[in-house]
Each structure stands twice: as C-alpha cells, then as structure tokens.
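**Q** So you can see what is in the structure, the chains are spelled out below.
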Amino acid sequence: MNDMMQGWTDICALDDIVPDTGVCALVDGEQVAVFRVGERELYAIGNFDPNAHAAVLSRGLVGSLGERTVVASPIYKQHFDLCTGECIEAPEHSVRVWSVRLGADGRVRVGPTAR
Amino acid sequence: MKLVVIGNGMVGHKLLEELMAAHHTGLEITVLCEEPRVAYDRVHLSEFFTGKSADELSLAAPGFFAQPGLDLRLNARAVRIDRAIKQIVTADGEIIRYDKLVLATGSTPFVPPIPGNDRPACLVYRTIEDLQAMAEWGARSRVGVVVGGGLLGLECAKALCDMGLKAHVVEFAPRLMAVQMDDGGGRMLQRKIEELGVTVHTQKGTQAIIDGETARHRMQFADGSYLETDMIVFSAGIRPRDDLARQSELGVGERGGIRIDNFCRTRDRDVYAIGECALWGGKIFGLVAPGYDMARIVAAHLGALIKRKRSATNAPEFTGADMSTKLKLMGVDVASIGDAHGATPGSRTYQFSDERKQVYKKLVVSADGKRLLGGVLVGDATEYGTLLQMLLNGIELPAAPEFLILPSADGQAKPGLGIDALPASAQICSCNNVSKGQLCDAVSAGAMSIGALKAATKAGTSCGGCVPLATQIMKAEMKRQGLAVNNHLCEHFAYSRQELYHLVRVERIRRFDELLARHGKGLGCDICKPTIASILASCWNEFVLQKEHASLQDSNDYFLANIQKDGSYSVVPRMPGGEVTPDGLIAVGQIARKYGLYTKITGGQRVDMFGARLEQLPMIWEALIAAGFESGHAYGKSLRTVKSCVGSSWCRYGVQDAVGTAINLENRYKGLRSPHKLKFAVSGCTRECAEAQGKDVGVIATEKGWNLYVCGNGGMKPRHAELLVGDLDTPTLIAYIDRFLMFYIRTADRLQRTSVWRDNLEGGLDYLRDVIVHDTLGLAAELETEMQQVVNAYECEWKKAVNDPPTRRRFQHFVNSNAGDDNVSFVSERGQIRPATAAEKRERPRRIPITVETE
Numbered sequence: 001m002n003d004m005m006q007g008w009t010d011i012c013a014l015d016d017i018v019p020d021t022g023v024c025a026l027v028d029g030e031q032v033a034v035f036r037v038g039e040r041e042l043y044a045i046g047n048f049d050p051n052a053h054a055a056v057l058s059r060g061l062v063g064s065l066g067e068r069t070v071v072a073s074p075i076y077k078q079h080f081d082l083c084t085g086e087c088i089e090a091p092e093h094s095v096r097v098w099s100v101r102l103g104a105d106g107r108v109r110v111g112p113t114a115r
Numbered sequence: 001m002k003l004v005v006i007g008n009g010m011v012g013h014k015l016l017e018e019l020m021a022a023h024h025t026g027l028e029i030t031v032l033c034e035e036p037r038v039a040y041d042r043v044h045l046s047e048f049f050t051g052k053s054a055d056e057l058s059l060a061a062p063g064f065f066a067q068p069g070l071d072l073r074l075n076a077r078a079v080r081i082d083r084a085i086k087q088i089v090t091a092d093g094e095i096i097r098y099d100k101l102v103l104a105t106g107s108t109p110f111v112p113p114i115p116g117n118d119r120p121a122c123l124v125y126r127t128i129e130d131l132q133a134m135a136e137w138g139a140r141s142r143v144g145v146v147v148g149g150g151l152l153g154l155e156c157a158k159a160l161c162d163m164g165l166k167a168h169v170v171e172f173a174p175r176l177m178a179v180q181m182d183d184g185g186g187r188m189l190q191r192k193i194e195e196l197g198v199t200v201h202t203q204k205g206t207q208a209i210i211d212g213e214t215a216r217h218r219m220q221f222a223d224g225s226y227l228e229t230d231m232i233v234f235s236a237g238i239r240p241r242d243d244l245a246r247q248s249e250l251g252v253g254e255r256g257g258i259r260i261d262n263f264c265r266t267r268d269r270d271v272y273a274i275g276e277c278a279l280w281g282g283k284i285f286g287l288v289a290p291g292y293d294m295a296r297i298v299a300a301h302l303g304a305l306i307k308r309k310r311s312a313t314n315a316p317e318f319t320g321a322d323m324s325t326k327l328k329l330m331g332v333d334v335a336s337i338g339d340a341h342g343a344t345p346g347s348r349t350y351q352f353s354d355e356r357k358q359v360y361k362k363l364v365v366s367a368d369g370k371r372l373l374g375g376v377l378v379g380d381a382t383e384y385g386t387l388l389q390m391l392l393n394g395i396e397l398p399a400a401p402e403f404l405i406l407p408s409a410d411g412q413a414k415p416g417l418g419i420d421a422l423p424a425s426a427q428i429c430s431c432n433n434v435s436k437g438q439l440c441d442a443v444s445a446g447a448m449s450i451g452a453l454k455a456a457t458k459a460g461t462s463c464g465g466c467v468p469l470a471t472q473i474m475k476a477e478m479k480r481q482g483l484a485v486n487n488h489l490c491e492h493f494a495y496s497r498q499e500l501y502h503l504v505r506v507e508r509i510r511r512f513d514e515l516l517a518r519h520g521k522g523l524g525c526d527i528c529k530p531t532i533a534s535i536l537a538s539c540w541n542e543f544v545l546q547k548e549h550a551s552l553q554d555s556n557d558y559f560l561a562n563i564q565k566d567g568s569y570s571v572v573p574r575m576p577g578g579e580v581t582p583d584g585l586i587a588v589g590q591i592a593r594k595y596g597l598y599t600k601i602t603g604g605q606r607v608d609m610f611g612a613r614l615e616q617l618p619m620i621w622e623a624l625i626a627a628g629f630e631s632g633h634a635y636g637k638s639l640r641t642v643k644s645c646v647g648s649s650w651c652r653y654g655v656q657d658a659v660g661t662a663i664n665l666e667n668r669y670k671g672l673r674s675p676h677k678l679k680f681a682v683s684g685c686t687r688e689c690a691e692a693q694g695k696d697v698g699v700i701a702t703e704k705g706w707n708l709y710v711c712g713n714g715g716m717k718p719r720h721a722e723l724l725v726g727d728l729d730t731p732t733l734i735a736y737i738d739r740f741l742m743f744y745i746r747t748a749d750r751l752q753r754t755s756v757w758r759d760n761l762e763g764g765l766d767y768l769r770d771v772i773v774h775d776t777l778g779l780a781a782e783l784e785t786e787m788q789q790v791v792n793a794y795e796c797e798w799k800k801a802v803n804d805p806p807t808r809r810r811f812q813h814f815v816n817s818n819a820g821d822d823n824v825s826f827v828s829e830r831g832q833i834r835p836a837t838a839a840e841k842r843e844r845p846r847r848i849p850i851t852v853e854t855e
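Chains A and B are the protein sequences, given in the same order. Here the first sequence stands for residues 1 to 115, where the numbers follow our numbering. Here the second sequence stands for residues 1 to 855, where the numbers follow our numbering.
These are calculated hints, taken from the structure and not from any lab test. Computed from a predicted structure; not experimentally measured. Hints may be right or wrong, so weigh each one.
Said to hold, decoys possible - Heads up, simulated BS3-like pairs for lysine-lysine below, C-alpha to C-alpha not over 30 Å straight-line:
#1 K800(B) to K77(A)
#2 K77(A) to K521(B)
#3 K328(B) to K800(B)
Okay, chain A solo, but in the shape it has when bound:
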C-alpha cells in the first residue's frame, strides 16, 4: 500500500510489540524508541536518554501522568512525554519525536522526525 511512500521505514509487525511496551528501531542510522499503548496507539521518540547518556528509553515503563502519556527512563526514572518528547523533570534533556503509523497490513512504519 504505502510501502513505497518516501521517508517511511517499515520496522515490524504490530504484534511484535507487546501492548504497553516499547521496542527500539534503527531508522536511517538513528535509534528510535517505538511504543505501543493499549492495542493500537503508537508513539515514537528518540531512544537515547540525555540524562543517562544511554540508549534505553524503549525499555522504560509506559504510563500516564495526568493527561500525558509518558515513558519512564529505566536508568534514573525521568519521564518523557510520548507526544512531544519533553522530559518532564528536565526539559533541557527533551528528545525528538518521529511520526509513526500502523498500516492496514498490520505493519508499523516510522516516518520523518519533527522538532
């Protein structure tokens, strides 16, 4: 369907991501943390935690803080907003966000990054 669409990388099947967890994808040489929240909601942010200097955000716990959907870094537990990439405890250590979507074929694709 949209496989040929420019700038979108097919990374895995939706079923390869356990609900409410993340995986790390290699997209154009960059590490992107892709999260599945509930059955079909998808988010993608940078995998590198600037607080810990380690590429680990995909391994964090997913949850909500108030209205925001967040992941907690497994190293020092700072929270990152999955929609904006903002690090809630240390905004100067926020991360980038990628577009991500689920194809009708059940495949997860990561698109261009936004600031």
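Place chain B on chain A using the hints.
**A** Using the frame of chain A, we list chain B on its own:
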C-alpha cells in the same frame, strides 16, 4: 562554672544531654560514674537476656563524651562532700572542686533483712553487672525465685524464664503489683502470668534462707511452708542512695531521700539532687519520666545562672509527676492510671472483666461523674493513651463513661478522646517531654511518618507507650493541614499498597488490567505497575514475563537482568548459601570469558558478570542453565542471597550446619517477590561470621537450635536485627520465617525494607513477636499456606524465558536489525572491561570491539 555531677545513670545522663545541647560557654562538667560503663537504658534492661548487648543498651551517642568541657571518670566513686570548701573526695583519694554539684546517685535495690540473704546465688536486679551475675548463676540453676511481685520483679521473673529456669515469684502483699493494681487487676494479672509458667506465691513472708535438699536453697516462710530454689533475686523495692547527703548534712527524709525544692535544690543552694535519690513533697519518684523532668529543670536553672541572670526564679519548677504506667509484662499488657485504687473520697468505679479473654478494666471517676480520676487495665491496654490524656488534661467524660472500656460491637468506633480536644500543651511523650504542639510542628516541618516523627521529636523513642497516640495526632494534624493523609500509591490508585494487596487477595485478582478497571484510573505508571506486578507475584507467583504481566515490569524484571549505567546488563546466577562446585566456577568463568564480561564477587557470596548486551542475555543464560545454574533474581525486589559461614561441617567452632540450612532457606524462598529486596544470612555459631544481624532475616546457631533475628539492614542506614525468638528447631524456624515474610509482604509499603517497616510498626517488636510467635491475630496458618503456595509455584524464570520463543524474541536491541547498540562500548582496565567514559567514546580507535563466538 565548674559543675560536678555524681552519677551517670539515666537521669544523670539526661542532665548532661540537656546541658550540652544548650552549648553554654564557660561550663566545665566533671562526671563521676562508679560503674565501669556510661549510662545505659535500665528501662529495657531485661532485653539483655534476649540478646541486646551492653553496648546496644548504652544511652550515650557515639562521641558524646569526647565533647570539650565534659570530663567523664568511670569507676570513680565519690565518698565525701566537703561543702564548706566545695570539694568532693573520691574513693581513690582524688579531690575535685566544684561551684555547683548535682547528686544523681539513684537508688539501690532493697534486700529484706532475712537471715541467709547473703548466701551465694542470692542476687539483685539493677545493673548490667547484676544481670551478668544472674546469667552466670542461671546457667547453673534449674529453679529461680524472685522476691517481690512488683513491676521490676515480674520483669526479672521473665528473665529467669528466658534463661530456661522454672520461675517463682514470692510476694509479701496479697496481690501482684500492689501499688498499681487493685484486687481484680492483680488477680487477672496473676492468672495470666501463671499460665506463662511462673508460679506466684502471694502473702508469703520469708523468714530464713537455708541449705536446700533438692536445690541450693530452701526458703522458709512464716506460715510454715517452704520453697526450694537454686537462685534468688531480690526485687523488693528501692532505697534512695543518700549516704553522701547524710554525711554532708544536706537534709534527708525520715525514710530516706534527699530533700529538694521545686528547683531540685537541696538546703545548700549550690547542691542539687535529681532522680530516685531525691525526695520532693515527701515522695520518691521511681520512674524515669519524673527523673527526666528534674534533669530538665536543673539544666534550665543552671543555664539561667550561667547567663548571669541575677535571679533564676523564672526557670521552670518541678510540680510533681503523674505516676501512671503502662507496660508489657511477659507479653501481658498492664496499665495503671492515676488513682487506681479509688482512694479519692466520693469516687465511683466502673469495672469490666472478661474471664475468657482474660481482660480486666476499671475506671475511677469523680463523684459528679465528669472527671476521670484513675484506672486499671490488664490484658488489653489500648485505651491507656486516651484515658491518660483525659486524666491529665481534665477533659470532661462522655455521658456514659463505661463505653470507654467496654468492648465495641463489630465495626463501631469507640468513643474516642477526640485528638482535637487535647490542648497543644498536652504532654504526649512523658519520657522525652514532647507535647502535642511539638508533634504538630514537626508534622508541619515535614515529618509525615511515625519514623520521621520519632527522629524529629524523640517522642516514642524511650518506652514507646505513646506511639499509638502520637500516630493519631500526626494523622489528624496532616488532615487538618490539608496534607490529606495520602498513602495512595499514585494518581492511578487511591489505595495504599497494603490495601491493594488486600483487594488482590480478597477479590482473587490476577491481572493488572482487572485491578485498574475495578479500582483505579488512567493507564498506570512506573510506580503502580511494578508495585502491582510484585503483589500479583507474591500472591499467585505466575511467570513475570507472560503477556499480561510483561509490560508491568521494571526494566530489570522485564529483561531479568540488572541494567547498568550504559544500558548494558549484569548477570548473576544463583549460588545458594554461597556454595559452588569447582566445575560450576569453571563454567561461570568460561561463559564470562566467551562473552568478554567483567566479573566481580558480590557481598552476597556469588559472582556478578557485567557488560552483557541485551541480545547476549539468552545465550549467556542457556549456557548457565546447561551448567546447572538458576536465576539469582539479582534484578528483582525479591530474595537475593542467603549468606553463610562454613558452619559445623568444617569449622572447629561451628555448632550447627550453617551452609545446609542456608541452602535450604535460599531454595525455599528463591523467587519470592516482596515490597523490597530481601537478604538473609545463617551463622554456625555466635561468632557470627555470616553477619546475620545485618540482614532482613538472620539465623544464628546455638547449642540447642537456631536464634531467629529479623529486620536488620546494612547499607545506607545500618540497623541491627532484633532477636525475635531463640533456640528453635529447624521446622519451627522455617514456619516462623514463612509467617514473618508473608506478614511483611502483606503490610509493608512499596519499597520499604524490613528495617523501616519495623521502625514504623505500631507496637514494635513485641507486636511482631505476638503476631509471628504467639499468633495473636490468628493468621499463622494462613500465612504459612500462602507461603507454601508461592514455594510450590516456583520455576526458574530464565529457564522459562529462554524456552519461550515470544519472550526470547524481545531480547534484541533493534526490532528491525541484528546490530548491537553502538552506544555501548568498553575500555580495558586491570585486565577486564569497563564502560567507556563520554570522553573515551569520542576517541573511537581505543574502543574494544565486542567479539562473540557464534555457536
């Protein structure tokens, strides 16, 4: 000012603490202490027999006597005071000059003038040396008698029981604790104590002690009967030590005691007397709280003089003391409040007694029924705090005061005192003189747990009797300040961890989603998810990585390894008891070498391998499992290790098989998920080489079996474990550990180690012992069953993970590539790897490529 303090008992020491805390300039203090050690806690002296050392009973903070201006002389007894030239002469002939003198000489036990009272094994109960003598004679005795059925006498009888002796109490009066108890209370107390194996003889006057036939002594009573015993301890009251005052003509009472005024001054303005040697208003105060009051009054008076205030008349004055007491005697709660005997003219009484539960309660109220005058509680003293505050603050009684002591029908709240009714000045902790106002201030300053409140105010740190009331005040104050007593786990669950545990058990909930749907909101978070994952595992012990549970796990549990600062992992195979075969060690070494891992021996007696990449973990574990190893759960809030010494198998001092027991315990509790990590140790003799007293559960071998210690901790805030119970056989040891662990899992807060849990436990060690050993909550069988279910459901998580394809697939860094994380890189140090620093990562050439031999 040169101050001399004679006596370094509890009260004398309190005076020093007060003076030093005030940081007076120009104050030089000399302390004469006739004992070989500094002040210790006589209130808890009997704990010497349940394992507390003399050091642990010490009241002096480390470094206290090293402070400038404080000169301590141990083994120094004052023998004469020359008031005219203001000098003291010691037994060694030393002469010490003073400007002001404080006598804190305390009291001596009264030994009745019975012929034969100086025979061997006739002892008293006052100092640590006395206790050491009791322990020595106790080891050579079968039967022991305490003369005197007062408060101290009954404690002493407990000490005899603890040493394994058949204990008797001989009392001259018609009932036990004659001063504090009425007839009904005394009878109930006697019955309960006799059930614990102590024989009580009342109305017995001893006429002579002579050689016995079946034992060392025979006590001959006035009524012609006799009792044979191997040792005798006299605990028949105290006599103030006023000989120095008599010698220097300071003025003593007819029946002894140094006369003092409201500032605790003797007839010589430069000499004070405090504590049990002092006589105020014709009374001697044999409790520690009034003694502490006197110490504070003298400290304030001296402080005023030092600051050269011409008159110190505004300083606080001693106004007498309330002699109400609450204590636990041999596990029996006993309390006496105010006018316990109803001696006030016109007073009326209410009584309640339950012979089945063995509870006796009495209230004494004023003629008009509006004021509480006194009371007696035996078997259950929960109302003590409330009643005492009513008495001390003159709070008007409810219309039907009997309901204050009657058992409440199910679910109905008792007519409380209403914390709000208490004035801010109400003294809550009498030992440390802490008022309600001070407690409230501490709450405002951030003390929001009973542990924090104790640390901030010292309330509840001496006898502990006020802890329930202090807790109520804390909660009420937090509520009043809008701090909402919020023990909610997080924004998703308006419940405490304890409540959630209960919900999971009662509603048999097995899934986070189910609990969230029924009792929570939102998606959950990194607080509630791991907490509930842990609760579910403690209750049902399902595989933590199965689909429904996987997303709840903290990263460490999710990948069954410990994440390190650079995102690599460490791997720890279980080595129960620290025992490992040479082949096992070789296998671990080969695996570490193959994957280029950094190896280190842990404090828990096993090997930790660092620097594993996520994608290597399943291969490493396959190899470890093939070599016979299991998961060490180093990543989980669960049982870590059971450390051991080599025990009787090899050690010439060992008395039990420490390694075998450690291995059995580790295998029994491995994989048990709990509120925080758990560490055990087993030592094969009292030399304690396994350091079991620094562990959550410590087991120390004795000639007769095992001593069980609980709630110790090393780490950030070390805490010695406390002896829960001694000389257990192995099945009982395991049953008690089952109960202890399950009770902790059931009631602790999230991430609360057993040490902190214990510090916050209302009722303290006695309560814990009641629940675990005496089963007062009737929970023992249930707790043991719950533990057995967890034990039966154990499976090695790693074995399960490597053999489960969906789980195994998750162990790769990229979902769409077989590459590794290029952010993880190592440099060499002392022949092994370590993570590269940020600077080193920038110098790419020095990096060590990771070579993994493929299979």
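**Q** Now tell me, hint by hint, if it's right for this structure.
**A** Each hint, compared with the structure:
no. : hint               : verdict
1   : K800(B) to K77(A)  : holds (28 Å)
2   : K77(A) to K521(B)  : holds (21 Å)
3   : K328(B) to K800(B) : violated (51 Å)
Checked against the numbered hints given earlier, this structure breaks only hint 3.
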